[in-house]
Amino acid sequence: MNALNQFFEKYFMPFATKLNSIKGFIAIRDAFVQVFPLTFVGSIVVCINVVLLSSTGFIGQFLVKLIPNLDSAQAVLNPVSNGTINLMAVFIVFLIARNMALQYEVDGLKAGLTSLASFFILYPPKADGMLTDSYLGANGIFVAIITGLFVGYIFSKFTKVDKLQIKMPEQVPPEVAKSFMMAIPSAIVIIMISIIAYIISLVEPQGLNALVYAALQAPIQSLGATPFTPLILIFMAMILWSVGIHGTFTVSPIYLTLYASMNIANISYAAEAGTTVGSPYPYTWFVLFENYGCIGGTGNTLALLVAILILSRRKGWKRDDYTKTAKIGFIPGLFCINEPVIFGLPIVLNPILVIPFILSPIISMGLGALMIASGLVMPGTLDVGWTTPQPIKAFLSASGSWQTALSVILVFVICVLIYMPFVMLANKQSEA
Amino acid sequence: MVTGMKKLKITLACTGGMSTSMLCARIKKAAEARGYTEVECKAYAEAALEKAAEGSDIILLGPQIRHLLSQISKRFPDIPIEVIEMRDYGMMDGEKIFAGLCGKYNW
Numbered sequence: 001m002n003a004l005n006q007f008f009e010k011y012f013m014p015f016a017t018k019l020n021s022i023k024g025f026i027a028i029r030d031a032f033v034q035v036f037p038l039t040f041v042g043s044i045v046v047c048i049n050v051v052l053l054s055s056t057g058f059i060g061q062f063l064v065k066l067i068p069n070l071d072s073a074q075a076v077l078n079p080v081s082n083g084t085i086n087l088m089a090v091f092i093v094f095l096i097a098r099n100m101a102l103q104y105e106v107d108g109l110k111a112g113l114t115s116l117a118s119f120f121i122l123y124p125p126k127a128d129g130m131l132t133d134s135y136l137g138a139n140g141i142f143v144a145i146i147t148g149l150f151v152g153y154i155f156s157k158f159t160k161v162d163k164l165q166i167k168m169p170e171q172v173p174p175e176v177a178k179s180f181m182m183a184i185p186s187a188i189v190i191i192m193i194s195i196i197a198y199i200i201s202l203v204e205p206q207g208l209n210a211l212v213y214a215a216l217q218a219p220i221q222s223l224g225a226t227p228f229t230p231l232i233l234i235f236m237a238m239i240l241w242s243v244g245i246h247g248t249f250t251v252s253p254i255y256l257t258l259y260a261s262m263n264i265a266n267i268s269y270a271a272e273a274g275t276t277v278g279s280p281y282p283y284t285w286f287v288l289f290e291n292y293g294c295i296g297g298t299g300n301t302l303a304l305l306v307a308i309l310i311l312s313r314r315k316g317w318k319r320d321d322y323t324k325t326a327k328i329g330f331i332p333g334l335f336c337i338n339e340p341v342i343f344g345l346p347i348v349l350n351p352i353l354v355i356p357f358i359l360s361p362i363i364s365m366g367l368g369a370l371m372i373a374s375g376l377v378m379p380g381t382l383d384v385g386w387t388t389p390q391p392i393k394a395f396l397s398a399s400g401s402w403q404t405a406l407s408v409i410l411v412f413v414i415c416v417l418i419y420m421p422f423v424m425l426a427n428k429q430s431e432a
Numbered sequence: 001m002v003t004g005m006k007k008l009k010i011t012l013a014c015t016g017g018m019s020t021s022m023l024c025a026r027i028k029k030a031a032e033a034r035g036y037t038e039v040e041c042k043a044y045a046e047a048a049l050e051k052a053a054e055g056s057d058i059i060l061l062g063p064q065i066r067h068l069l070s071q072i073s074k075r076f077p078d079i080p081i082e083v084i085e086m087r088d089y090g091m092m093d094g095e096k097i098f099a100g101l102c103g104k105y106n107w
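Quick note, the sequences are listed as chains A and B, same order.
Under the working numbering, think of the first position of the first sequence as 1, with each following residue one higher.
Under the working numbering, think of the first position of the second sequence as 1, with each following residue one higher.
Any given hint could be a false lead.
Heads up, simulated EDC-like pairs for lysine to aspartate or glutamate below, C-alpha to C-alpha not over 20 Å straight-line [claimed, not checked]: (1) B:LYS96 <-> B:GLU82; (2) B:LYS51 <-> A:ASP107; (3) A:LYS324 <-> B:GLU95; (4) A:LYS327 <-> B:ASP88; (5) B:LYS28 <-> B:GLU82; (6) A:LYS10 <-> B:GLU85; (7) A:LYS324 <-> B:ASP88; (8) B:LYS7 <-> B:ASP57; (9) B:LYS51 <-> A:GLU105.
Because the hints were derived from the structure by calculation, they are not lab data.
Just so it is clear, the structure is predicted and the values come from calculations on it, not from any experiment.
Working from the sequences, and respecting the hints, build out all of it.
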């Protein structure tokens with residue numbers, strides 16, 4: 001086992017380290033973490049409107065008997081989308097540039113503001129004195145990411161070039177001189193962006209957003225439409241976890257960048273349609289992983305714990321160390337935190353447990369995709385917080401769907417069955 | 001063992017700050033049992049470390065981000081940084097981790 005251990009350490013560690021150090025990835029990942037409170041409230045509001053305040057909702061169907069015009073109450077919370085989901089691109093473009101700048105140790109606020117300015121400089125021109133809202137939300141996220149990265153990078157580089165600082169005569173108070181100095185990098189970046197926007201407008205009068213939309217729409221649709229992409233990503237993540245590296249964290253820039261606009265489009269759809277049935281992108285990483293790949297934590301480890309606790313009652317159970325770890329890890333596991341289990345059993349570098357660990361989320365996410373495709377189950381597209389316990393998370397994320405909740409329970413049972421033979425095998429082995 | 005007023009600021013980090021937060025309480029308990037009266041032990045997401053880790057006596061990293069050690073060391077050149085051992089982390093063994101630190105840093 002030591003040779004395998006060393007092999008992984010030698011090849012995977014540097015790979016993961018490199019992947020996790022790329023400033024752009026870090027900026028993107030942090031931006032989506034930072035913006036979570038907004039996507040969260042956007043999602044919760046959809047849940048409230050659909051489950052509670054709708055005459056066809058799970059709870060609403062009873063409430064409506066007390067409050068006949070229950071449905072009209074939805075109007076109170078509907079506008080929340082306009083400030084959250086439908087504005088995502090604007091938040092992201094600011095945050096990514098800010099996060100880039102902070103890594104270069106320059107002024108994040110200025111970088112963010114410059115990026116925000118750039119976003120609207122590149123934005124489609126006004127028609128009839130009005131700005132279109134088409135690219136403020138899901139459809140604008142890709143450009144927001146590129147702009148944020150570009151501006152963040154250029155701004156940081158310019159700020160560090162001394163020659164660009166205007167030197168004022170000594171009689172000028174330092175703060176005055178400083179305020180001018182500080183303004184130069186932003187000014188240069190903004191003018192550059194304006195030049196770029198002009199050049200683009202010669203090719204596409206509606207600007208960068210329209211250009212990107214036309215160019216990327218088809219390939220992103222096809223990547224996003226297939227459940228295979230999340231399956232490949234989870235496989236990569238599980239391999240990394242198997243050697244003790246946070247796999248989900250490492251692949252997050254990939255799935256965030258790829259699916260960001262689709263996730264927002266899904267929530268936006270649910271806000272308008274009042275249901276997740278018919279979501280434009282039902283097979284995103286978010287939909288498949290959050291409900292089917294992460295029960296108890298990445299790898300559906302709660303199923304492993306349950307398998308251990310069940311088997312520990314049988315005669316001939318030797319692995320009390322497993323029982324102990326399973327008990328410690330159970331409550332965090334309910335909230336999808338599983339590092340104690342991954343490192344405590346351990347699953348890491350454990351040739352027996354690693355197999356079901358890698359296989360179970362692939363199988364379960366695949367099953368989830370099949371159930372969604374069959375139309376029996378509603379996709380869970382709303383972000384109610386990744387630590388929300390199942391099956392509550394399934395119920396809420398699919399805007400009040402007991403079918404989705406049930407499907408998660410079913411998948412959970414299957415995962416327990418997948419883990420069981422391997423746990424029994426581990427039991428035969430003496431404690432190393 | 002040191003007696004009397006003794007202060008320690010221990011900062012833990014992992015990806016979300018959640019799994020390490022469970023360890024915090026146990027490390028704090030272990031420190032208090034060894035005579036440290038003012039122990040501050042908090043867990044953060046590694047992205048939030050900048051302000052949070054200032055003035056820490058030590059930064060402890062969850063093993064799943066151990067590959068970020070050199071990166072984080074550069075950000076905090078004056079603070080010792082340790083990666084928590086996998087088994088200790090899995091078992092949430094605050095006592096063992098703290099004892100190890102006492103041994104290594106002569107606390």
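Do the hints match the structure? See the list:
Among the hinted pairs, LYS96 of chain B with GLU82 of chain B is consistent with the structure: their alpha-carbon atoms are about 14 Å apart, no more than 20 Å. Restraint check: the Cα-Cα separation between LYS51 of chain B and ASP107 of chain A comes to about 15 Å, which is no more than 20 Å; the hinted pair holds. Of the pairs offered as hints, the one joining LYS324 of chain A and GLU95 of chain B holds, with about 17 Å between alpha carbons and a cut-off of 20 Å not exceeded. For the hint linking LYS327 of chain A to ASP88 of chain B, the alpha-carbon distance of about 16 Å falls within 20 Å, and the restraint holds.
Annotation: proposed proximity of LYS28 of chain B to GLU82 of chain B holds, straight-line Cα distance about 17 Å (limit 20 Å). At most 20 Å may separate the alpha-carbon atoms for a hinted pair to count; LYS10 of chain A and GLU85 of chain B meet this at roughly 19 Å. Straight-line distance between C-alpha atoms of LYS324 of chain A and ASP88 of chain B comes to about 13 Å, which keeps the hinted pair within the 20 Å bound. Simply put, LYS7 of chain B and ASP57 of chain B have alpha-carbon atoms about 9 Å apart, close enough for the 20 Å limit, and the pair holds.
About 13 Å separates the Cα atoms of LYS51 of chain B and GLU105 of chain A, which keeps this hinted pair within 20 Å; it holds.
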